[in-house]
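Same order as they appear, the protein sequences are chains A and B. Residue numbers for the first sequence follow the numbering used here, so the first one is 4 and each next one is one higher. Residue numbers for the second sequence follow the numbering used here, so the first one is 4 and each next one is one higher.
Calculated directly from the structure, the hints in this document are not laboratory data. Treat each hint with caution, since some may be false.
One-sided excerpt, in silico: chain B residues whose CB lies under 7 Å from chain A [to be verified]:
id: 1; residue: Ala-38
id: 2; residue: Gly-41
id: 3; residue: Phe-77
id: 4; residue: Ala-81
id: 5; residue: Lys-99
id: 6; residue: Gly-141
id: 7; residue: Ser-247
id: 8; residue: Glu-250
id: 9; residue: Thr-254
id: 10; residue: Ala-295
id: 11; residue: Lys-414
id: 12; residue: Pro-417
Each residue gets a CB set at the ideal place from its N, CA and C atoms; glycine is no exception.
2 protein chains.
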Amino acid sequence: MAVTKPSIPKGTRDFSAVEMARRNYIFDTIKGVFAKYGFSQIETPAMENLSTLLGKYGDEGDKLLFKILNSGDFLSSAGGPLNPNSDKAALQISEKGLRYDLTVPFARFVVQHQTELTFPFKRFQIQPVWRADRPQKGRYREFYQCDVDIIGSDSLLNEVELIQIVDDVYEALNINVALKINNRKVLAGIAEAIGAAEHMVDITVAIDKLDKIGLENVNAELKEKGLSDESVEKLQPILKMQGSQEEKLATMRSVLTSEVGQKGLDELETIFNYVKALGLKKIKVELDLTLARGLNYYTGAIFEVKALDVEIGSITGGGRYDDLTGIFGLKGMSGVGISFGADRIYDVMTQLNLFPESVLEQTRILFANFGGEDEMYSLKQVRALRAKGFKVEIFPDATKMKKQMQYADKKQIPFVALCGETERNENKITLKNMVTGEQASLTLEEVAAQIAR
Amino acid sequence: MAVTKPSIPKGTRDFSAVEMARRNYIFDTIKGVFAKYGFSQIETPAMENLSTLLGKYGDEGDKLLFKILNSGDFLSSAGGPLNPNSDKAALQISEKGLRYDLTVPFARFVVQHQTELTFPFKRFQIQPVWRADRPQKGRYREFYQCDVDIIGSDSLLNEVELIQIVDDVYEALNINVALKINNRKVLAGIAEAIGAAEHMVDITVAIDKLDKIGLENVNAELKEKGLSDESVEKLQPILKMQGSQEEKLATMRSVLTSEVGQKGLDELETIFNYVKALGLKKIKVELDLTLARGLNYYTGAIFEVKALDVEIGSITGGGRYDDLTGIFGLKGMSGVGISFGADRIYDVMTQLNLFPESVLEQTRILFANFGGEDEMYSLKQVRALRAKGFKVEIFPDATKMKKQMQYADKKQIPFVALCGETERNENKITLKNMVTGEQASLTLEEVAAQIAR
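Isolated chain A (complex conformation) (with noise of 0.2 Å):
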């Protein structure tokens, strides 16, 4: 067998312990405070039916979708010659796809199992999903997704629970961010007031640009778009609103004057009188205008979370739909969802050194082997202190003292324990301190409480 240089696919990466160490810390704390709300663990399989996936992230979503040769003689089951198009010749040979997002296989999983499941159903779901994106800095092919739902409900105290699991996350991780949220019929209703629904999109992108290029720049931007003097005249008074949030929500109402505009102010104005009563820990919510993210979907309330001291895309996201299962049949099953996205908080932790120190150490105490007798003691020792719940290692090999301690140094372990012919004989064991130096002849019982933290 020829030796092949060993590598991975772009885009995709190995975890080293370290790295997997903080991760776990990330997913275990998201998962953690999900089911202090009530939110249970579902999975669904890697491989989706490309029926499923299709047609469900625009033609560029199908274009990124990973699509899996069918097994076995695919060419002579392809229905006849591979049509010259490569895009129309995938579907000949491939009938599955890996899962390009949780959304998708949830809704799919709801439609499904709907008979079996409780509504309202609050499930969440933590694996990875895989895009064929030109990978660069930050953006892998494979990633992992943490999305929290709830689905059959359309209390917007589900919203407000979304934005405590939010606060409680960030709070338990200790990174400050700021929560963004709109609302979908807003934005609707701010179209639809100015007599532009069709250019809902063209409006937000240019409120967002309001402060960079300022208000005449994004007027002038607007009528290249194609909206009317009118309805540009129409807008002024929402880029030019300030104050308070109270101040502007006044202000829209008076300017939001359709019914689905002044929906979309109720739903926001409910949200925020519920989190002013009930206070929040770490976060602050602010309504931010220019959010838009994702609107295939999305018909309420929509969040979006940025880490405040580092420059970084949106760490959290998400929002209100209405018919999200009508893709799959099952009409009238408001939801509403959020996804934590694990790799940039990741990287956020990082750069601001926010992990525990003790998320890093995997093993507390390694048994130094001097063979023989005195391993075999070694091994009594080690097996007492797991059972008392202690992560211990013993040095495998008879090995140089020196070798041993350099595995004890490189693995961070703190505490190593030799056991010669005087320890055996005492019934004793001599602890070092890997930090201090300090070397002490204890008890087991003693050692259990020097290494306990």
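We have chain A; now place chain B onto it with these hints.
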């Protein structure tokens, strides 16, 4: 968009909240034991380069690899017209495949990251693998493996620690099992001793059939396979051997006179002696000469664990390999590892009803929702109980009581809290025990005490 009736690919599974709770119980138990022995978790990508995977699992394995279609215009980059043979065409349009097991990616990882690792390197890995097997009962196309390996040490203490790990895991899961052990060198020694080195597998298979078809038939079968009369004659002491483990080992000592045979027997005896001196809590370790698993890369000890109370295949297995990383160019790295089959362990525990009740419980208490001020009062209690670490839900809509109670019932939530005007005025919570039906008016602290385990 046409409505698709949703389904998932053959041989794959969705895991419901209940299934996930049970699966996590198994994974967490196993992880906890691995950690106590100083093993660290790593992860590798779902996709590996096909050059990493091909040729590592035999011809049959190559066919069972899920191959990923190259992105973009794969036909143009196929380097000419497609070969009419599907197996060959696949290599023109696919350069990545899904992980088939965790062993080859582990070997690749060790070679690729050798300069960053501390040896002996102790890692565990819990991730799904994919095989394009024909789906059937108990055999899936996506399933999890839980592998634990130590590489870079040929000490038999590592085998002993793996046996202790098996003991700890099955004691914690409360499954009665037998651990069968054999040694690849002993198998080679037997074949060598009787002058039929190339028939090692035939001999192992024959020994395995002894109980079922009897000595005469076994001998006839061996001759059919091409063993000489002399070889079969020489094998008789092994086939006929009786008595305790020690007596069997003694019989083999007298037959297996080659260096490799004696070495294998030494290894077995050393392991037995360690295990005897240290003692095990739950499992039995038995020499089983018929055990021959994974002959391709195993070179020393081989393990297999079977459940005693359920008819099912092996639920854990592994062994020593002296040159796993050699396929990627790193020689002289002996290692030993075992793999826990989470799916089969799940099936055993389900059949024997071994999951603790507490595993299933997600939410500890549900607050009924009466809307308005009652709702706000409840939300504050909910928040206080979550801060104490309890898993708490509030029903999101102020809907009919019956519907809310049904929700608690279906989700098996053991306590429901009712907060109306009376409770608000008295700063109390009415707590209903859903099992006994008892109801009492309590303070928040009293509720916390009641619902704590």
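Outcome of the hint check:
1. Evaluation of the Ala-38/B hint against chain A yields a held restraint, the C-beta minimum of about 6 Å falling below 7 Å.
2. Look at Gly-41/B: its Cβ gets to within about 4 Å of chain A, closer than 7 Å, so that hint holds up.
3. The closest approach between the C-beta of Phe-77/B and any C-beta of chain A is roughly 5 Å, which is under the 7 Å cut-off, so the hint is satisfied.
4. Interface restraint check: Ala-81/B against chain A, minimum CB-CB distance 9 Å, threshold 7 Å, status violated.
5. About 5 Å separates the beta-carbon of Lys-99/B from the nearest beta-carbon of chain A, less than 7 Å, and the hint is met.
6. Residue-level restraint check for Gly-141/B is violated (minimum Cβ-Cβ distance to chain A is 17 Å; threshold 7 Å).
7. Annotation: interface hint on Ser-247/B violated; nearest CB of chain A at approximately 23 Å, more than 7 Å.
8. For Glu-250/B, the suggested interface contact is broken, since its CB lies about 25 Å from the closest CB of chain A, more than 7 Å.
9. The closest approach between the C-beta of Thr-254/B and any C-beta of chain A is roughly 28 Å, which is over the 7 Å cut-off, so the hint fails.
10. Annotation: Ala-295/B was flagged as interfacial toward chain A, and the flag is violated, the nearest CB pair being 22 Å apart, outside 7 Å.
11. Because the smallest distance between the Cβ of Lys-414/B and any Cβ of chain A comes to about 6 Å, under 7 Å, the interface hint for this residue holds.
12. At its closest, the beta carbon of Pro-417/B sits 13 Å from a beta carbon of chain A; the interface hint therefore is violated under the 7 Å criterion.
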